[in-house]
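Protein chains in written order, with numbering that gives the first Met the number 0: chain A, 0 to 667; chain B, 0 to 667.
Keep in mind that the hints are not guaranteed to be accurate.
Where chains are identical, the list cannot tell them apart; a pair therefore holds if satisfied intra-copy or between any two copies.
No more than 27 Å apart at the CA atoms, straight line, and that leaves these computed lysine-lysine pairs for DSS-like [what the hints assert, rightly or not]: (1) 232 / 10; (2) 546 / 347; (3) 264 / 362; (4) 93 / 650.
Just so you know, these hints were derived from the structure itself, not from any lab.
Source: prediction; values computed, not measured.
Protein chains: 2
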Amino acid sequence: MVNQTFGDIDKLAVNTIRCLSIDMVQKANSGHPGAPMGCAPMSHVLFTRHFKANPTDSNWLARDRFVLSNGHASALQYSIYHLLGYNISMQDLKDFRQYKSKTPGHPEVGMTEGVEVTTGPLGQGISNAVGLAIAEAHLAKTFNRGDYKIFDNYTYVICGDGCLEEGINYEAASLAGHYKLGKLIVLYDANGIQIDGDVEIAFTENVCKRFEAQGWHVQEVADGNNDLEAISKAIEAAKAETTKPSLIRINTTIGYGSQNQGTEKVHGAPLGNADVAFSKKSLGFNPEEFFVVPEEVQKLYNDICQSGMDAQKEWTRMYEKYSEEYPELAAEIERRKQNKLKEGWEEKLPRFTANDAGAATRKLSHDVLNIVCNELPEIVGGSADLSGSNLTQWKGSVDFQADASGLGSYDGRYFHFGVREHVMAAIMNGIHAYRFGFIPFGSTFLNFINYASGAVRLSALSKHQVLYIMTHDSIGLGEDGPTHQPVEIIPNLRAYPNLFVMRPADGNEVSGCYMKAIKSRTTPTVLCLTRQGVPQLEGSSIEKTLKGGYILSEPETTPKVILVGTGSEVSLCVESAKILNNEGIATRVVSLPCWEIFDEQSEEYRESVFPKNIPVLSVEAASTFGWSKYATASCGIDDFGVSAPASQVYKHFGLVPEVVVEKAKKLL
Amino acid sequence: MVNQTFGDIDKLAVNTIRCLSIDMVQKANSGHPGAPMGCAPMSHVLFTRHFKANPTDSNWLARDRFVLSNGHASALQYSIYHLLGYNISMQDLKDFRQYKSKTPGHPEVGMTEGVEVTTGPLGQGISNAVGLAIAEAHLAKTFNRGDYKIFDNYTYVICGDGCLEEGINYEAASLAGHYKLGKLIVLYDANGIQIDGDVEIAFTENVCKRFEAQGWHVQEVADGNNDLEAISKAIEAAKAETTKPSLIRINTTIGYGSQNQGTEKVHGAPLGNADVAFSKKSLGFNPEEFFVVPEEVQKLYNDICQSGMDAQKEWTRMYEKYSEEYPELAAEIERRKQNKLKEGWEEKLPRFTANDAGAATRKLSHDVLNIVCNELPEIVGGSADLSGSNLTQWKGSVDFQADASGLGSYDGRYFHFGVREHVMAAIMNGIHAYRFGFIPFGSTFLNFINYASGAVRLSALSKHQVLYIMTHDSIGLGEDGPTHQPVEIIPNLRAYPNLFVMRPADGNEVSGCYMKAIKSRTTPTVLCLTRQGVPQLEGSSIEKTLKGGYILSEPETTPKVILVGTGSEVSLCVESAKILNNEGIATRVVSLPCWEIFDEQSEEYRESVFPKNIPVLSVEAASTFGWSKYATASCGIDDFGVSAPASQVYKHFGLVPEVVVEKAKKLL
């Protein structure tokens, strides 16, 4: 067992972490030494005295979660993980920030064991942590029985001033306080410095009082450089507080021990050889030696690792007994842990014929959610205060709310995120990052996904399977006008790597899009859905939708022109093609609900849809940017929208059969 | 003079506003009646007892500024502006939300007199207001002399819970408190309802305490439905508080007077005929009559209008005397008011030859800023805590800081925005919206412009001439890795209407881009600048840059292939073309710093650059999305980046001469 008091060995360990971080940054000739040096004490205390983890099995379900929200301090995370026994060798530390190393510039999930979420863009980590804490609260309430605390972990965050200035962190803090996430503990590295200088030049709010106003339990540690015991006691108190998330403000010195400690100079560049030597000396290390871990420090960390292994063994014994007593729950845990979907859910997806009544695709989406959310309990989600417009609240859903609130329960799966699009997305990422097969979704008007772009990017980069259910996807929303009508948003999204942008045209395509989105376990999806009604189309099917694009209707003779549309404009293509075909101009209609999936098909297939010699006119109620990839010419919107009833807005932008027909004729 | 006490006539006026708003929404069969009905009392008090404006001259420099941050309450703004005598007729009210009307769904600057900023996307308005208040503080300090208070206006905001949940509002509040913007006054419509229901389901933070923690003066009005005097006294106290921005929490009932008052049902849809009648009756109006303004109410508002006209006259007399005493200052005011740039500044822009030393384009940008910021005092700007990296702090710049802070002065023009990209952009929009010829800029790493997307969209939509100086514009930033390397960002931005996306290749192009950006008075610009050095190119010039794209180098014989690049990849094109030309493959190099400007050139010019029969290979260290518009094939990055030294990352993605040459050969 590790001693719960602190002594010289702890001081040595802290300075070991500092010196490793210094050496990493210096060798890479790039990186951030200041934050690791300042945060070494709190990290050492956290990981040696409180953190529950088994470094030899970083997938242990019951592990505490750690998020380094100030991801630029990555050298700290890597060096302490190396000491703890994660699969990070001394050579990996030496390869910091090098090509294909396990130790990239900022922590990236999937690159390094023990890294739960990708951080670096400020404010994201602390927001992901709210998602991780939500996942824990939800699973504990759903699966724990009696004394079997299968899910029972804390979520720890280290963050700096930068994270606490970003808008997203306030949204995160507000929601975490609202949800009373008592097992979320944030260690705030208050070093008084940001890149431009003293935080006093830009950030003078009373952070502690702000967090209190947001429903947090707040403590302060006066000397975070040396008072390890105070840090430990504060963490202990935070753990004991079960109804509020905790912020511990820990006053530190950036670059502690270096010549320029306490200034922005030590933030974002190597210390340089002279200051490396100076720092080593001041920290009691030999300035001539690099990448040094004193034996007794490694021994201490080995003990921590051992106690983590023991803890997992103990938990596994409990889990085995639980599995005997609750075999169905255990089977469900196993299923979800392995990312397996239940069988048979796809068969329940609705299918339509052209005789079925049309509907808005948001309404058709609602019908699908009513099915899949009841089939797949790993789907959790909600809306940024537009539930009634997004139609995302499925039949029988229970609100996720603090049990004590009387408004719902932690085993609820529907979220009222409030008007907080950015943290909604980051929370989705965080829930997915719990690595328990969750498929989180969030919803708002398509136009406002741009409030969440910072987090959408991380969904794609970190391969989080999350669903953005975005309604009111065009000028078709009408009177709300240009502030609410997306125009550039659809091409914006299509430019992301690893993101499916889907714009289904009818019921079959909505079902097909959900099928693909739910089965794509490493790619996020944006579903763009109409406010207004669309007809059920002749020629659509779930199976064709799964190809991303397909021939919806074919003229009797070889086509002379192709009309390609997405979503609500596919029926406009159909209507226009009818006119053209009647006039003797053989016209094919292609529906292209998802470019990214279409592009994954064989060249042969793609050329069968768009043969090289036939001109193509694209029709989409969005910016035409990007369509030149498939189309010879485009009908679209290369300006912002206007406020008027939808039909008039469509007419204003020439998205009516007469104009489409005319443009198509010009291509002949 | 208007009576400073409140009586029946005021109650009647309040209900007139409510009924007008009800009728507008009902006639449009679309819109939001609840907020106007709840906010009518505070609006009436504000505009009849406090607001300084001349409705017959909405351009009066000294007017108070009003921002309806909950823009969905637009019917409120239009109806009260109609009463006040702005150029909004009763017919305009009847045309609410109709095609080409002056009364669009959400307030749009340029569409309606008296609308200072476009609102609707929540949180933007309150953030723009911080910019408006900054502009006032800056101009007052810069131009006022002795008793001549030429600039001396308040900025008033009405906002609801929605605005106060968005991340951007916290950033705005934090910075407004920091800057001690005593003349910013926010009326918070606390009606306890959001779209999903009671705010208690999602928003339980203590808003008043939160604002106090952020350095605000906070008051509360218990009964905002009826207690007009209390509202007025609170506004009076807020005006008297000069060192802190003010929040007045005004408790109201959404849809006050209607059947479903106090519920989310009255938020976003017409009341319906039955409830319109019910509401009219409960508000003391004839349910059979529509769009009614009682004579005595109009009389009261006419008096307000008259007193506004008188106030402007008085101010004009003062301004005339000031002009005599301070002719130079007055001349400068006139120049800036008329959006005129000083003459001769362009000639000072640096020009380069290929023999000059290369440099990072961020460094070349710094050199330009050192010139233009000293030439043009209307340029104000700063960085979201990356001043030293963005290189935006020009020589001799003074920090904009509260005079009392000792850190700078209100007449300073450099902003340390903190790590707050979103509000930085919204503040830029707000400063520009002061309509005094300001050219605000903001800066961060290009990748993090996506934190600000919500406000960037409004820069473009509202035609705000603002400059986004975005550095570290590609994988060229190297070790910081994929979280910091923009890939999709450049095409993202290119999809916006009315936004120049510029990626200069060398010194001449940097100068040319700034020239174009500064002269484009209704279009925002994003400057994408390198972290790494680039050579000065043979064949570049400021004048060619002004065409958006041009032939940089031409082979001796008719070109067989064209290499087109932007920014740092233009020199890669040059290098590759050299190899190709040496191998006998005549290769043209085109530099395309700004697609939007290039697309504005004549078809003839564009075809002279890209003749139809010559294949084009694009080379850009970004997603290739969109390049099919010009290029036959593309070298780019259709994945996220990697953490490694820049040269290795370039190699990883095939952005090296060998690969470019190989791809170019395939096009022959």
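Q: Identify every previously stated hint that the structure contradicts and give their numbers, smallest first.
A: none
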